[in-house]
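S.K.: Using the sequences provided together with the hints, build the complete structure.
In my numbering, the protein residues as written are 6 to 122.
FYI, nobody ran anything at the bench for these hints, they're computed from the structure. Positions of the beta carbon are idealized from the N, C-alpha and C atoms, including for glycine. Please note that the accuracy of each hint is not assured.
Per label pair, the in silico range of CB-to-CB distance [claimed, not checked]:
hint	residue 1	residue 2	range
1	R49	R102	26 to 34 Å
2	E71	K91	30 to 38 Å
3	M93	E72	16 to 24 Å
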Amino acid sequence: MSRPKGRVSAGPPCRRRTSCRPSGRSGGAGAGVESDRFGGTDPRWLISQRVRASLPLLETSQASVEEVSAAVGFESPGTYRHHFTKIMRISPSAYRRGFRTVQVAREGLGPMRAVAP
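M.R.: Next comes the structure, spelled out in structure tokens:
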């Protein structure tokens with residue numbers, strides 16, 4: 006079977022909120038929105054998984070926010086901060102500070118002891 010020569014139209018151009026696959030077109034800007042039906046990955050799911058993967062790094066490591074963003078697959082720290090704040094409703098730095106404050110408080114309490122007045 007030979008391929009047709011020239012350009013073959015496969016329907017209208019893909020739009021961001023539509024899937025390109027049903028029309029026979031590959032990938033593109035809109036491929037991820039409904040692509041989970043076709044075995045692809047929804048970009049929103051991927052972003053949320055990357056943010057989720059960053060939580061233990063922020064909680065336990067001394068890595069900078071820039072290093073954490075690169076470790077979980079974001080191309081830029083600014084993009085990471087944007088998505089983290091949108092999902093978690095707090096910045097990565099504030100999350101880390103809040104988590105460490107709770108951790109220090111827990112470690113500082115130790116076993117409960119009676120304190121003499």
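S.K.: Indicate, hint by hint, whether the structure satisfies it.
M.R.: Hint check results:
1. Against the hinted window of 26 to 34 Å, the Cβ-Cβ separation of R49 and R102 comes to about 27 Å, which satisfies the hint.
2. Taking the beta carbon of each, E71 and K91 are about 18 Å apart, not inside 30 to 38 Å as hinted.
3. A beta carbon spacing of about 18 Å between M93 and E72 agrees with the range 16 to 24 Å that was offered as a hint.
Comparing the model with each numbered hint stated earlier shows that hint 2 is the single one that does not hold.
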